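**Q** In case you want the letters, here they are:
There are 2 protein chains.
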Amino acid sequence: MSTLVFGHKSPDTDSTGSPIIWAWYLTEVKGEAAEPVLLGEPNTEAAFMLARWNLPKPRIIDGVEAGQPVVIVDTNNPAELPEGINAADIRAIIDHHKLVGGLETKGPIDIRIEPLACTATLMRKMMGDDLARAPEAVKGAMLSCILSDTLEFRSPTTTPEDRAVAEALAADLGVDIPSYAAEMFAAKSDVSAFSDAELLRMDSKTYEVGGKTFRVSVLETTSPETVLARKDSLVAAMPKVAEEDGADQVLLFVVDILREQSTLLVPNALVKQVAEKSFATLCGDADTVVLPGVVSRKKQIIPNLAL
Amino acid sequence: MSTLVFGHKSPDTDSTGSPIIWAWYLTEVKGEAAEPVLLGEPNTEAAFMLARWNLPKPRIIDGVEAGQPVVIVDTNNPAELPEGINAADIRAIIDHHKLVGGLETKGPIDIRIEPLACTATLMRKMMGDDLARAPEAVKGAMLSCILSDTLEFRSPTTTPEDRAVAEALAADLGVDIPSYAAEMFAAKSDVSAFSDAELLRMDSKTYEVGGKTFRVSVLETTSPETVLARKDSLVAAMPKVAEEDGADQVLLFVVDILREQSTLLVPNALVKQVAEKSFATLCGDADTVVLPGVVSRKKQIIPNLAL
Numbered sequence: 001m002s003t004l005v006f007g008h009k010s011p012d013t014d015s016t017g018s019p020i021i022w023a024w025y026l027t028e029v030k031g032e033a034a035e036p037v038l039l040g041e042p043n044t045e046a047a048f049m050l051a052r053w054n055l056p057k058p059r060i061i062d063g064v065e066a067g068q069p070v071v072i073v074d075t076n077n078p079a080e081l082p083e084g085i086n087a088a089d090i091r092a093i094i095d096h097h098k099l100v101g102g103l104e105t106k107g108p109i110d111i112r113i114e115p116l117a118c119t120a121t122l123m124r125k126m127m128g129d130d131l132a133r134a135p136e137a138v139k140g141a142m143l144s145c146i147l148s149d150t151l152e153f154r155s156p157t158t159t160p161e162d163r164a165v166a167e168a169l170a171a172d173l174g175v176d177i178p179s180y181a182a183e184m185f186a187a188k189s190d191v192s193a194f195s196d197a198e199l200l201r202m203d204s205k206t207y208e209v210g211g212k213t214f215r216v217s218v219l220e221t222t223s224p225e226t227v228l229a230r231k232d233s234l235v236a237a238m239p240k241v242a243e244e245d246g247a248d249q250v251l252l253f254v255v256d257i258l259r260e261q262s263t264l265l266v267p268n269a270l271v272k273q274v275a276e277k278s279f280a281t282l283c284g285d286a287d288t289v290v291l292p293g294v295v296s297r298k299k300q301i302i303p304n305l306a307l
Numbered sequence: 001m002s003t004l005v006f007g008h009k010s011p012d013t014d015s016t017g018s019p020i021i022w023a024w025y026l027t028e029v030k031g032e033a034a035e036p037v038l039l040g041e042p043n044t045e046a047a048f049m050l051a052r053w054n055l056p057k058p059r060i061i062d063g064v065e066a067g068q069p070v071v072i073v074d075t076n077n078p079a080e081l082p083e084g085i086n087a088a089d090i091r092a093i094i095d096h097h098k099l100v101g102g103l104e105t106k107g108p109i110d111i112r113i114e115p116l117a118c119t120a121t122l123m124r125k126m127m128g129d130d131l132a133r134a135p136e137a138v139k140g141a142m143l144s145c146i147l148s149d150t151l152e153f154r155s156p157t158t159t160p161e162d163r164a165v166a167e168a169l170a171a172d173l174g175v176d177i178p179s180y181a182a183e184m185f186a187a188k189s190d191v192s193a194f195s196d197a198e199l200l201r202m203d204s205k206t207y208e209v210g211g212k213t214f215r216v217s218v219l220e221t222t223s224p225e226t227v228l229a230r231k232d233s234l235v236a237a238m239p240k241v242a243e244e245d246g247a248d249q250v251l252l253f254v255v256d257i258l259r260e261q262s263t264l265l266v267p268n269a270l271v272k273q274v275a276e277k278s279f280a281t282l283c284g285d286a287d288t289v290v291l292p293g294v295v296s297r298k299k300q301i302i303p304n305l306a307l
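If you read the protein sequences in the order shown, they are chains W and A. When you line the first sequence up against UniProt numbering, it's residues 1 to 307, in that order. When you line the second sequence up against UniProt numbering, it's residues 1 to 307, in that order.
In case anyone wonders, no lab produced these hints; they're calculated from the structure. Computed from a predicted model, the values in this text were never measured in an experiment. Check each hint, because a few of them may be wrong.
Claimed, not checked - The calculated lysine-lysine pairs, modelled on DSBU-like cross-linking and capped at a C-alpha distance of 30 Å, are:
(1) K106(W) / K106(A)
(2) K299(A) / K299(W)
(3) K106(A) / K9(W)
(4) K231(W) / K212(W)
(5) K9(A) / K212(W)
(6) K212(A) / K125(W)
(7) K125(W) / K106(A)
(8) K30(A) / K277(W)
(9) K30(A) / K299(W)
(10) K106(W) / K299(A)
(11) K272(W) / K298(W)
(12) K298(W) / K30(A)
(13) K298(W) / K240(W)
(14) K231(W) / K125(W)
(15) K125(A) / K298(A)
(16) K106(W) / K298(A)
(17) K9(W) / K240(W)
(18) K30(A) / K106(W)
(19) K106(A) / K299(W)
(20) K125(A) / K272(A)
(21) K30(W) / K212(A)
(22) K106(A) / K231(A)
(23) K106(W) / K57(A)
(24) K298(W) / K106(A)
(25) K298(A) / K57(A)
(26) K277(W) / K299(A)
(27) K272(W) / K106(A)
(28) K106(W) / K212(A)
(29) K125(A) / K106(A)
(30) K299(A) / K30(W)
(31) K30(W) / K298(A)
(32) K125(A) / K125(W)
Unchecked claim - Partner residues are not named here, just some residues of chain A that face chain W (Cβ under 10 Å, in silico):
(33) D95
(34) L99
(35) L103
(36) S195
(37) A197
(38) I302
(39) L307
We put the beta carbon where it would ideally sit given N, CA and C, even for glycine.
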């Protein structure tokens with residue numbers, strides 16, 4: 001039985017590319033049959049990466065059977081994984097997020113988590129010299145993951161290691177980072193095909209703060225005005241999304257990649273309270289608030305979230 | 001503030017030696033002040049290791065303050081760590097046990113878990129060429145940890161990597177493995193100074209099976225007859241130990257290192273049921289049952305435990 005390699009339920013570039021990278025490594029270097037799969041439709045940036053490097057779109061699965069060998073990448077949070085994940089045969093976890101607790105394994109397995117910006121950077125490190133055997137498409141996926149997760153090195157999560165790996169890959173592949181990253185971000189910014197509910201769920205994680213459950217949604221874009229033009233209908237879609245996903249409220253941060261700031265939608269008093277308490281800002285009566293410098297959910301939003 | 005490096009609450013050789021190894025590495029190689037500490041009195045084998053390599057006994061602490069920087073080694077189980085561990089500043093986790101769930105970190109940290117027999121083997125791998133800078137005492141601790149956790153390569157948890165690291169260290173240190181291991185196991189087997197309750201708790205971990213909570217205690221010894229001579233008073237001490245530790249029953253496995261088998265004490269119908277269901281054996285009316293080949297709690301006892 002092939003090992004399934006997958007990331008979280010909202011496949012962005014890292015959660016789409018890292019399974020492809022690791023499944024290649026397991027199959028071609030380690031000689032262990034593995035298949036990259038997705039837990040949902042890849043976002044537009046991830047779809048661009050697949051097309052650019054001629055990578056077939058991984059199969060989308062909606063669950064895992066008990067005993068299925070799996071490798072989990074880019075998350076260690078059971079809430080972002082299929083129900084029943086603990087009944088699968090979890091072979092390894094490769095991640096760069098905080099330890100959440102909740103995943104359990106039957107025996108000791110390989111777990112590697114490091115505070116890097118990107119799962120693919122950690123995989124590069126774990127592969128060592130074997131990277132030389134990787135086809136261009138795998139290296140291209142790796143470069144794409146790093147540029148995506150670091151917002152082309154703008155995110156405060158970026159480490160010197162992320163940057164060095166990306167620059168070496170770009171040189172190897174003959175890719176000009178600024179123009180390639182601009183193409184990626186343009187793809188990510190094209191949200192015209194998505195409904196409001198889909199936008200709210202595209203890059204969204206659930207957190208509990210002060211007894212309330214928040215869907216913390218992030219939209220990284222080079223064209224924030226396109227998203228903010230849909231502000232009213234996005235706000236109107238929030239209550240239903242929150243209810244369906246078991247949350248009290250959706251927090252939507254529209255991240256302006258180039259200006260390195262976020263705009264948080266402030267539809268009600270609860271979000272106003274969260275915004276003012278979390279980010280030392282004042283919202284007044286406005287229905288949005290700009291948070292200068294805030295681009296990273298992991299490093300700047302979640303650690304500060306308060307109620 | 002120095003980073004405190006510690007293992008679990010029942011310091012055996014690995015949980016005593018690994019903090020010493022890693023605190024050395026952090027301080028001397030990484031330039032980050034670190035102190036090895038213990039969460040309890042080291043067992044007789046660990047005490048022998050300290051004396052043999054002229055290592056000072058680490059300070060014993062009974063808790064950690066909120067915000068205290070810590071590195072956790074040889075466990076990822078909150079039940080084996082101080083209360084309030086999640087309020088500490090957990091900087092890293094280095095372990096070789098199954099993922100239990102329950103530890104949480106505020107941000108992404110370094111986590112490295114591999115299915116090796118011994119934490120020290122993983123540390124050796126993480127250190128790479130820096131091991132050459134280690135003093136003899138640190139290398140001696142590393143060798144001791146591996147011989148202890150592998151029962152001199154007898155335990156089925158032993159990997160080729162554990163063995164290779166131990167053999168290279170022994171060659172480097174001029175230590176004859178069979179005679180050194182015999183000294184270590186003799187030290188571990190000298191249990192005369194301990195009360196029955198202390199013996200039941202010396203190397204004990206709590207597990208839930210079928211709605212019951214068991215204190216699964218293991219005594220590794222080259223002289224099982226010494227322990228079994230105390231069978232009646234050990235059984236008499238079980239109910240109080242179980243009650244004080246919030247368990248329903250103590251399961252005591254006396255592991256005969258040299259004969260590679262265990263003797264489980266069977267004081268009542270509950271333990272008889274566990275023994276017969278877990279190990280496909282029949283107890284009859286006997287108050288002990290011998291389990292041939294069973295020497296590893298991690299690999300042979302816990303995965304099979306059933307009620």
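**Q** Work down the list of hints and note, for each, if the structure agrees.
**A** Here is what the structure says about each hint:
For a cut-off of 30 Å, the pair hint linking K106(W) to K106(A) stands: about 26 Å separates their Cα positions. Distance check on the hinted pair: K299(A) and K299(W) sit about 38 Å apart at the alpha-carbon level, beyond 30 Å; violated. For a cut-off of 30 Å, the pair hint linking K106(A) to K9(W) stands: about 22 Å separates their Cα positions. Between the alpha carbons of K231(W) and K212(W) the distance comes to roughly 23 Å, so the proposed pair stays at or under 30 Å and holds.
Distance check on the hinted pair: K9(A) and K212(W) sit about 35 Å apart at the alpha-carbon level, beyond 30 Å; violated. Straight-line distance between C-alpha atoms of K212(A) and K125(W) comes to about 43 Å, which puts the hinted pair past the 30 Å bound. Taking the CA atoms of K125(W) and K106(A), the gap is near 24 Å; set against the 30 Å cutoff, the hint holds. With a C-alpha separation of about 37 Å, the suggested pairing of K30(A) with K277(W) is violated against the 30 Å cut-off.
For the hint linking K30(A) to K299(W), the alpha-carbon distance of about 24 Å falls within 30 Å, and the restraint holds. Between K106(W) and K299(A) the CA atoms are separated by roughly 10 Å; this keeps the pair inside 30 Å, and the hint holds. For the hint linking K272(W) to K298(W), the alpha-carbon distance of about 21 Å falls within 30 Å, and the restraint holds. A C-alpha spacing of about 26 Å is found between K298(W) and K30(A), which places the hinted pair at or below 30 Å, so the restraint holds.
The hinted pair formed by K298(W) and K240(W) meets the criterion: a straight-line CA distance of about 25 Å does not exceed 30 Å. Distance check on the hinted pair: K231(W) and K125(W) sit about 42 Å apart at the alpha-carbon level, beyond 30 Å; violated. A distance of roughly 22 Å separates the Cα atoms of K125(A) and K298(A); the hinted pair therefore holds under the 30 Å criterion. The straight-line distance between the Cα atoms of K106(W) and K298(A) is roughly 10 Å, inside the 30 Å bound, and the hint therefore holds.
Proximity of K9(W) to K240(W) is assessed by CA-CA distance (about 19 Å); at most 30 Å being required, the pair is judged to hold. Straight-line distance between C-alpha atoms of K30(A) and K106(W) comes to about 34 Å, which puts the hinted pair past the 30 Å bound. Proximity of K106(A) to K299(W) is assessed by CA-CA distance (about 10 Å); at most 30 Å being required, the pair is judged to hold. Note on K125(A) and K272(A): the hinted pairing is violated, with a Cα-Cα distance of about 42 Å set against a maximum of 30 Å.
Among the hinted pairs, K30(W) with K212(A) is inconsistent with the structure: their alpha-carbon atoms are about 41 Å apart, more than 30 Å. At roughly 47 Å between alpha-carbon atoms, K106(A) and K231(A) are farther apart than 30 Å, so this suggested pair is violated. Restraint check: the Cα-Cα separation between K106(W) and K57(A) comes to about 34 Å, which exceeds 30 Å; the hinted pair is violated. Taken as a hint, the K298(W) and K106(A) pair is honoured in the structure, with Cα atoms around 10 Å apart against an allowance of 30 Å.
The hinted pair formed by K298(A) and K57(A) meets the criterion: a straight-line CA distance of about 27 Å does not exceed 30 Å. Between the alpha carbons of K277(W) and K299(A) the distance comes to roughly 49 Å, so the proposed pair goes past 30 Å and is violated. With a C-alpha separation of about 24 Å, the suggested pairing of K272(W) with K106(A) holds against the 30 Å cut-off. For the suggested pair K106(W) and K212(A), the alpha carbons sit about 18 Å apart, so the restraint of at most 30 Å is met.
With a CA separation close to 27 Å, the supplied pair K125(A) and K106(A) stays within the 30 Å bound. Restraint check: the Cα-Cα separation between K299(A) and K30(W) comes to about 24 Å, which is no more than 30 Å; the hinted pair holds. Taking the CA atoms of K30(W) and K298(A), the gap is about 26 Å. The hint holds against a cut of 30 Å. Proposed proximity of K125(A) and K125(W) is supported: the alpha carbons are some 14 Å apart, at most 30 Å.
The criterion of a C-beta within 10 Å of any C-beta in chain W is met by D95(A), whose closest approach is roughly 8 Å, and the hint holds. For L99(A), the interface hint holds, since its Cβ comes within 10 Å of a Cβ in chain W; the closest pair sits about 5 Å apart. Checking L103(A) against chain W by beta carbon gives a least distance of about 6 Å; that is within 10 Å, so the hint holds. Interface restraint check for S195(A): the shortest CB-CB distance to chain W comes to about 32 Å, outside 10 Å, so the restraint is violated.
At a threshold of 10 Å, the smallest CB-CB gap from A197(A) to chain W is about 30 Å, leaving the interface hint violated. Checking I302(A) against chain W by beta carbon gives a least distance of about 9 Å; that is within 10 Å, so the hint holds. Checking L307(A) against chain W by beta carbon gives a least distance of about 17 Å; that is not within 10 Å, so the hint is violated.
Going through the hint list in order, the structure does not satisfy hints 2, 5, 6, 8, 14, 18, 20, 21, 22, 23, 26, 36, 37 and 39.
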